Amino acid sequence: TQLLEQSPQFLSIQEGENLTVYCNSSSVFSSLQWYRQEPGEGPVLLVTVVTGGEVKKLKRLTFQFGDARKDSSLHITAAQPGDTGLYLCAGEGGTYKYIFGTGTRLKVLA
Amino acid sequence: DAGVIQSPRHEVTEMGQEVTLRCKPISGHNSLFWYRQTMMRGLELLIYFNNNVPIDDSGMPEDRFSAKMPNASFSTLKIQPSEPRDSAVYFCASSMRYEQYFGPGTRLTVT
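If you read the sequences in order, they're chains D and V. So that you can map any letter, position 86 of the first sequence is 86 in this note's numbering, and since no number is skipped, the others follow by simple counting. Just add 1000 to the spot in the second sequence (first one is 1) and you have this note's numbering.
What you were told as hints is all true, and nothing was included just to trick you.
From chain D, some residues computed to sit far from chain V (all C-beta separations above 12 Å):
#	residue
1	Pro-8
2	Ser-26
3	Gly-53
4	Ala-78
Below, computed lysine-lysine pairings styled on DSBU-like, alpha-carbon distance capped at 30 Å:
#	chain 1	residue 1	chain 2	residue 2
5	V	Lys-1068	D	Lys-97
6	D	Lys-97	D	Lys-57
7	D	Lys-59	D	Lys-97
8	D	Lys-57	D	Lys-107
9	V	Lys-1024	V	Lys-1068
10	D	Lys-56	D	Lys-70
11	D	Lys-97	V	Lys-1078
12	V	Lys-1024	D	Lys-97
13	D	Lys-107	D	Lys-56
Hints were generated in silico from the structure; no laboratory data involved. Nothing here was measured: the structure is a model prediction, and the numbers come from that model. C-beta: ideal position from N, C-alpha, C; glycine also.
My request is simple: use the sequences and hints to build the entire structure.
What follows is the structure, encoded as structure tokens:
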């Protein structure tokens, strides 16, 4: 069974701080995605990484795929209240079939 | 363009009743996914279709759950009979290759 563990589970920080969220597995994934979910809505795709060691940036968000394609990280610089939400990683466990991680619930205080 | 449409948005029903959740995927997408989300278990894949054909239903909890996709623009997830432990938010998502687009979800409460 492929599992994706995310850490930390919960994170509460002040506006302007930096943070890193981790997504780890013992399985190799051909690609990995990060989503953000706000209350009452479905997850929204932020990024897809497909190559080991790949780094992608989306404004203040930096995503990295591990060299062995078993883990990933999401770094947010100068967090803002609008970054508040549930962050989910998802690894491709079969053709177009993604397995979701346990989630990190982030709260950014103004 | 409209996103993934789900109905109803909220459903409250009594144990033993039949529940049908509906999904209209984004036009042109060839894959459709049904997920269930709870605090305890997170987001779980129940079943997914490719070109209207069920590909993997290994996540369907038991025989009380069934899903159909009669055409490219409509899918249903049915629970019969429903039980309190089925209470969750059910999401439908559609994709063309790697990018999944989720609907707003149906919050199901079984009393």
